[in-house]
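If you read the protein sequences in the order shown, they are chains A and B. Quick note, my numbering runs 204 ahead of the 1-based positions in the first sequence. Quick note, my numbering runs 204 ahead of the 1-based positions in the second sequence.
If you are wondering where the hints come from, they were derived from the structure by calculation, not from laboratory data. Check before you lean on any hint, since a few could be wrong.
All copies of an identical chain are treated as equivalent in the list; a pair is satisfied when it fits inside any one copy or across any two copies.
What the hints assert, rightly or not - Result set (DMTMM-like, lysine to aspartate or glutamate): computed pairs, CA atoms no more than 25 Å apart in a straight line:
#, residue 1, residue 2
1, K293, D225
2, K292, D224
3, K292, E397
4, K293, D224
5, K292, D225
6, K293, E329
7, K293, D273
8, K293, D403
Number of protein chains: 2
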Amino acid sequence: MRTFVVIGQTASASEDFSLDDLPGSSGRLDVLLRCLRAALLFSHGLRPDARVYLVLRGGPQAPRVLKVDGATCKFLRPDERSLATLVKKTLAAAAQARGGGFVELRPGLALAAGDLECVHVELGEAALYVLEPGAADIRTQDLAPGNQVFFVGDHAGFDEATRAELAALSARPLGVGPLSLHSDDVVALVSNELDRRADTAGSARS
Amino acid sequence: MRTFVVIGQTASASEDFSLDDLPGSSGRLDVLLRCLRAALLFSHGLRPDARVYLVLRGGPQAPRVLKVDGATCKFLRPDERSLATLVKKTLAAAAQARGGGFVELRPGLALAAGDLECVHVELGEAALYVLEPGAADIRTQDLAPGNQVFFVGDHAGFDEATRAELAALSARPLGVGPLSLHSDDVVALVSNELDRRADTAGSARS
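So here's chain A without its partners, still in its complex pose:
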């Protein structure tokens, strides 16, 4: 299982944003939606081995975390407006949510009231990585077998407190090349690297 945790420092945790101006009204939720597409969708549908947590730290309902599970989610479309509509409805359906972990509101979509601590309790024995410009190149690094979790920043990267929290969890820094890229491109590159390794491992076994 591969898990991406995308931290939206200003992304709206409530449904009061406009589909007609996502960047301006949702605290750049659009950045997180593009990560969601890159992590879960490929040409032939949904990746059943991928899961995404969107950490929403903006607006009056913040913090909240939306979990999207590739194995059980249905009808996920790739365009931003469709994804934004789905997230908006899910956030609205949980207007009264209070603590207690994730509540599934639609197939494969669950919401929790809280911040990264809601994610941590679900990760189990996974290996933790944090994607950072300039860090050790993922292509040259050994990755732990089993479950892997990748923390991804938004358009502004990570704030200092989050950086310290991830360091305290011993999340290992990884990079994807010489330039600082959009978050969704980073997710696409990591997904491709994992696809390649799974393919090589599969070939070696067969």
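Take the given structure of chain A and dock chain B to it, following the hints.
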């Protein structure tokens, strides 16, 4: 210079699509817009060494080709609705365009009435590649120095006539890994491979 030519078999060549339903009303122009973002934008702005041609083969004004130049384009935003708005305005501004090659309608945005032949006359001595699932892995292939052009299909890949046309141009097939991916992810992966090679070449020179 890196050039991506994205061929939209049904993507609208006229402005009569709805920003509120891009996938349903624009012949999947949304797929091409996501490729545009992946090719031209990174964390710190526009890539000055990248250029994109969107081949629009859908609707009453088809075929038309929209060229977007990273060196001269301004204010390109990453979200789909902003990109769609820009394309819509550009297509509307050229309602009367007839033959004669590309006409620049906004800084860095030019439109031509025609199909791939409008692109070919601009490519010069570039090396041509066509991105195809299952083709030789770009990571292991030598790429010609100088200008490189990558032809990319839409959500439905390439039609047979286009495939034959690209083969006649001796465009070399390249792949990006074991899975068939969304077109914008393919563009992101090729861009990253080129970034890495440019970085290595730069280090070797210095």
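Do the hints match the structure? See the list:
{"no.": "1", "hint": "K293 / D225", "in the structure": "both (16 Å within a copy, 17 Å between copies)"}
{"no.": "2", "hint": "K292 / D224", "in the structure": "both (13 Å within a copy, 15 Å between copies)"}
{"no.": "3", "hint": "K292 / E397", "in the structure": "neither (31 Å within a copy, 36 Å between copies)"}
{"no.": "4", "hint": "K293 / D224", "in the structure": "both (15 Å within a copy, 16 Å between copies)"}
{"no.": "5", "hint": "K292 / D225", "in the structure": "both (13 Å within a copy, 16 Å between copies)"}
{"no.": "6", "hint": "K293 / E329", "in the structure": "neither (32 Å within a copy, 51 Å between copies)"}
{"no.": "7", "hint": "K293 / D273", "in the structure": "within (17 Å within a copy, 38 Å between copies)"}
{"no.": "8", "hint": "K293 / D403", "in the structure": "neither (37 Å within a copy, 44 Å between copies)"}
In the structure shown, a violation is registered for the earlier hints numbered 3, 6 and 8, in ascending order.
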